[in-house]
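Novice: Turn these sequences into a full structure, and let the hints steer you where they fit.
Chains as they are written, first to last, in my numbering: chain P, 31 to 440; chain L, 126 to 375.
Just so you know, the hints here were simulated from the structure itself, not pulled from any lab data.
Even glycine gets a Cβ: it sits at the ideal position worked out from N, Cα and C.
Keep in mind that a hint or two might mislead.
[Unchecked claim] Cβ-to-Cβ under 8 angstroms is the rule here; a few derived chain L residues that face chain P: (1) 216; (2) 217; (3) 366.
[What the hints assert, rightly or not] The following label-pair restraints were derived from C-beta to C-beta distances: (4) 300/L to 406/P: 28 to 38 angstroms; (5) 360/P to 176/L: 19 to 29 angstroms; (6) 211/L to 184/P: 55 to 65 angstroms; (7) 184/L to 369/P: 57 to 67 angstroms; (8) 300/L to 373/P: 39 to 49 angstroms; (9) 144/P to 219/L: 39 to 49 angstroms.
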Amino acid sequence: MTWLNTLRSAGRARFAELGFPKVRQEDWRFTNLGALERTLFLPASPASALVAVDALPSVTPSHRLVFVNGGFRADLSAASERPDGVIIGSLAAVMASHPALVEAHLGQRADDAGHGPLALNTAHLADGAVLYVPKGVYLDKPVELVMIGAGGHEPLSWHPRLLVVLEERAGATLIEHHFSLGDGAATFSNGVSEITLGTGARLRHYKAQRENAAAFHLSTLSGRLEHDACYEGFLLTLGARLSRNEVRLVLAGPGAEAKLSGAYLLRGEQLGDTTTVIDHASPRCTSQQLFKGVIDDKAQGVFQGKVLVRPNAQKTDARQLSRALLLSDDARIDAKPELEIHADDVKCSHGATAGDLDEDAMFYLRARGIDRDGARALLIGAYVNEAIAEISSEPVREAFEALADHWLRS
Amino acid sequence: MLTITNLHASVGDRPILKGIDLSIKAGEVHAIMGPNGSGKSTLSYILAGREGYTVTEGSVTYKGEDLLALPPERRAAAGVFLAFQYPVEIPGVSNSTFLKTALNAVRRQRGEAELDAMQFLKLARTKCKQLGMTDEMLKRAVNVGFSGGEKKRNDILQMALLDPRLTILDETDSGLDIDALRIVADGVNSLRGPERAMLVITHYQRLLSYIVPDHVHVLAFGKIQRSGGKELALELEARGYAEFGVNEAA
Numbered sequence: 031m032t033w034l035n036t037l038r039s040a041g042r043a044r045f046a047e048l049g050f051p052k053v054r055q056e057d058w059r060f061t062n063l064g065a066l067e068r069t070l071f072l073p074a075s076p077a078s079a080l081v082a083v084d085a086l087p088s089v090t091p092s093h094r095l096v097f098v099n100g101g102f103r104a105d106l107s108a109a110s111e112r113p114d115g116v117i118i119g120s121l122a123a124v125m126a127s128h129p130a131l132v133e134a135h136l137g138q139r140a141d142d143a144g145h146g147p148l149a150l151n152t153a154h155l156a157d158g159a160v161l162y163v164p165k166g167v168y169l170d171k172p173v174e175l176v177m178i179g180a181g182g183h184e185p186l187s188w189h190p191r192l193l194v195v196l197e198e199r200a201g202a203t204l205i206e207h208h209f210s211l212g213d214g215a216a217t218f219s220n221g222v223s224e225i226t227l228g229t230g231a232r233l234r235h236y237k238a239q240r241e242n243a244a245a246f247h248l249s250t251l252s253g254r255l256e257h258d259a260c261y262e263g264f265l266l267t268l269g270a271r272l273s274r275n276e277v278r279l280v281l282a283g284p285g286a287e288a289k290l291s292g293a294y295l296l297r298g299e300q301l302g303d304t305t306t307v308i309d310h311a312s313p314r315c316t317s318q319q320l321f322k323g324v325i326d327d328k329a330q331g332v333f334q335g336k337v338l339v340r341p342n343a344q345k346t347d348a349r350q351l352s353r354a355l356l357l358s359d360d361a362r363i364d365a366k367p368e369l370e371i372h373a374d375d376v377k378c379s380h381g382a383t384a385g386d387l388d389e390d391a392m393f394y395l396r397a398r399g400i401d402r403d404g405a406r407a408l409l410i411g412a413y414v415n416e417a418i419a420e421i422s423s424e425p426v427r428e429a430f431e432a433l434a435d436h437w438l439r440s
Numbered sequence: 126m127l128t129i130t131n132l133h134a135s136v137g138d139r140p141i142l143k144g145i146d147l148s149i150k151a152g153e154v155h156a157i158m159g160p161n162g163s164g165k166s167t168l169s170y171i172l173a174g175r176e177g178y179t180v181t182e183g184s185v186t187y188k189g190e191d192l193l194a195l196p197p198e199r200r201a202a203a204g205v206f207l208a209f210q211y212p213v214e215i216p217g218v219s220n221s222t223f224l225k226t227a228l229n230a231v232r233r234q235r236g237e238a239e240l241d242a243m244q245f246l247k248l249a250r251t252k253c254k255q256l257g258m259t260d261e262m263l264k265r266a267v268n269v270g271f272s273g274g275e276k277k278r279n280d281i282l283q284m285a286l287l288d289p290r291l292t293i294l295d296e297t298d299s300g301l302d303i304d305a306l307r308i309v310a311d312g313v314n315s316l317r318g319p320e321r322a323m324l325v326i327t328h329y330q331r332l333l334s335y336i337v338p339d340h341v342h343v344l345a346f347g348k349i350q351r352s353g354g355k356e357l358a359l360e361l362e363a364r365g366y367a368e369f370g371v372n373e374a375a
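Specialist: Structural data, given as C-alpha cells:
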C-alpha cells in the first residue's frame with residue numbers, strides 16, 4: 031500500500047530529524063530517556079512462544095486481542111465477526127479487509143504531538159489494533175487488548191498502533207492490559223493511540239501497565255472529541271523501569287466531556303511520567319482530571335498537566351488535581367500543572383499536593399492493634415482507591431483495585 | 126494492673142511530666158483531673174505508645190511487663206485501650222473494614238482464631254445493639270462526617286469489640302452535649318467490671334457525675350498534686366484549680 035509506505039517514510043524522516051527527546055526540552059525535562067537511547071533494541075519478530083493469557087479476573091470481555099511483543103496472536107485472541115458493522119481486529123488484518131477505513135483515519139490524530147517516539151512508531155507502522163463502532167451502536171461488553179512483553183536474550187522493541195473510531199452516538203469500553211512474562215533483557219514498548227469520537231459518542235478507556243523492571247514503556251495518545259462526545263480514561267501504572275503516558279485530547283465540539291484519571295504506584299528506581307494536554311477548543315466543554323501517585327524507595331513520579339482554553343471556549347469547566355504520597359526520603363515527585371486560558375467566562379481549577387502518610391491516622395490504627403505495615407497498607411490502599419473510584423465500570427474498578435492491592439502486598 | 130513510677134517525659138526539649146506516681150488495680154476507676162497544659166494528654170499518649178514523646182526517667186509496668194518497651198499495636202493486644210479526645214477521620218476506609226482488621230490483628234496477637242466476614246458482622250451488630258447504636262455506622266468511612274458524639278460512640282464500639290483490660294479515656298467529654306455525654310457514659314459503664322480498670326482523664330467534673338470514679342488525682346505542672354476520693358472532683362468543681370497555683374480564665 032503506497033499510502034502506508036509514504037506514512038512510514040515520513041515517520042523515518044521525522045525521527046531522523048527529531049531523535050529521542052532530550053531533557054532540555056520543556057516537555058521532557060523530568061524524564062531522561064538517556065538509558066533508552068543508549069540501548070540497542072532489535073525489532074521483535076512475531077513471538078511464537080506459548081503463553082497463558084493472564085486476563086483481568088473480574089472482567090468478561092466480548093472480544094480480546096492478544097499481542098506478544100507487539101505481534102498479533104490470532105491463536106490467543108477471541109474476535110468474532112459481528113453483523114452490526116463493528117470492526118475489532120488487528121491493524122494488519124483490518125488494513126487488508128477495510129483499507130479505506132484505515133487510510134481515512136490512520137495518522138490523522140497523531141501528528142500534532144510531533145515528538146520523536148511518535149515518529150518512530152510511524153516509521154515502524156505494521157501492526158496494532160482497530161476498534162470501529164458505527165453510528166448508534168453501543169457495545170455493552172468491554173473489548174480487551176492484552177499486550178504481553180516476552181523479553182529474550184537481547185533487547186527488543188515494538189511499536190503498536192491503536193486506532194479507535196466511534197461514530198455518532200456509538201459507545202464502547204476498551205481495556206488495555208500491558209504486562210511482562212518473566213524477566214529478560216530490556217524491552218521497549220512504544221505505543222501510539224489515535225482516538226476519534228463522533229457526536230455524542232462515549233468511550234471508556236482503561237489501561238493497566240505492569241511490565242517488568244527491565245521495561246521501557248512509552249505511550250502517546252491523541253484523541254478528538256466532537257459535539258457532546260465523552261471520553262473517560264484511567265491509567266494505572268504499576269510497572270516498567272521507565273514509563274510515560276502522554277494523553278492529548280482536543281475537545282473539538284461544544285459540550286464535549288473528558289474525564290481522565292489515574293494512579294501510579296512506583297518503587298525501587300522506577301520512573302513514571304503522566305503528561306496530559308487538554309485542549310478546550312469549543313464552548314461548554316468540561317474536563318476533570320485526578321491523578322494520585324504513591325512513590326517509595328528512590329522512585330520518581332512526574333505529572334505534567336496542561337489545560338488550554340482557546341478564545342472561543344466560553345463556559346469551559348476544567349478541573350485538575352495531582353496528589354502524591356511520598357513514602358521515603360528519596361522518593362520524588364515533579365509536578366507541573368499548567369493553565370493557559372484565553373477565554374473569560376470559564377471555571378478552571380488546578381492543584382498539586384505532595385505529602386507523606388498522616389501520622390495521626392497511623393497512630394490511631396496502631397493503637398487499635400494493627401501493626402505498622404498493616405496500617406500503611408490500609409491507608410495507602412484507601413488513598414489509591416479514591417482515584418480508582420473514578421472508574422465508572424464496576425468490574426474494571428474491582429479488577430484495578432485488586433491489581434493495586436496486590437502491588438501493596440508484594 | 127498498672128504501676129507508674131516517677132515518670133518524667135518531654136516533647137523535644139520541653140519537660141511535660143515531672144515525676145508521676147500512680148497505681149491502678151483491676152476493677153478500679155481512677156480519674157485524673159487537671160487544667161489545660163498540665164500534661165494530661167501527654168500521659169495518655171505515652172501510655173498508648175505514641176511517637177514523639179521521650180521518657181527521660183521512671184517506668185510504667187502493666188501486668189508486670191515493661192509497657193514502654195512495646196509498640197502501640199502490642200499494647201492494644203495486651204489490653205490497653207485509648208479512647209481518643211479527637212478520634213481520627215480516615216477517608217476511604219470503611220468502618221467495618223477498620224474494625225475487622227483491628228479485631229483480627231488483636232485476636233491474632235492474643236493467639237485467638239480470626240473471624241471471617243460473617244462472624245465479624247454478627248459480633249459487630251450484637252455490640253452495636255448492646256450499646257444502643259445503629260449498625261449503619263459500620264458502612265461509613267471511619268469517622269468521616271461523624272458528629273462529635275458519633276465519633277466517641279465509635280470509639281466505645283471499638284472498645285467493646287477489642288475487650289481491653291485497661292481503658293484510658295482522654296477528655297471523652299470534650300465536644301459532647303449532655304445527651305451524647307450520657308450515651309457515651311452509659312457505654313463506658315456497661316463495660317466496667319472486676320477484671321477491668323479505667324483511667325478517666327478530664328478537665329471538668331461533669332463527666333465524673335456519669336462515670337463515677339473510685340479515686341481522683343489532680344494533675345498540675347506535670348505532677349500529681351493531690352489524690353482523694355470522688356468528693357475531690359466536686360471540690361475542684363467548686364473551687365477551681367487556683368489552690369494548685371493555676372490561674373485559669375473562666
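Novice: Does each hint fit the structure? Answer for all of them.
Specialist: Evaluated hints:
1. 216: holds (7 angstroms)
2. 217: holds (3 angstroms)
3. 366: Since the shortest Cβ distance to chain P is 29 angstroms, the answer is violated.
4. 300/L to 406/P: 28 to 38 angstroms: holds (29 angstroms)
5. 360/P to 176/L: 19 to 29 angstroms: holds (21 angstroms)
6. 211/L to 184/P: 55 to 65 angstroms: This hint holds: roughly 60 angstroms between Cβ atoms.
7. 184/L to 369/P: 57 to 67 angstroms: holds (59 angstroms)
8. 300/L to 373/P: 39 to 49 angstroms: holds (46 angstroms)
9. 144/P to 219/L: 39 to 49 angstroms: holds (47 angstroms)
In the structure shown, a violation is registered for the earlier hint numbered 3 alone.
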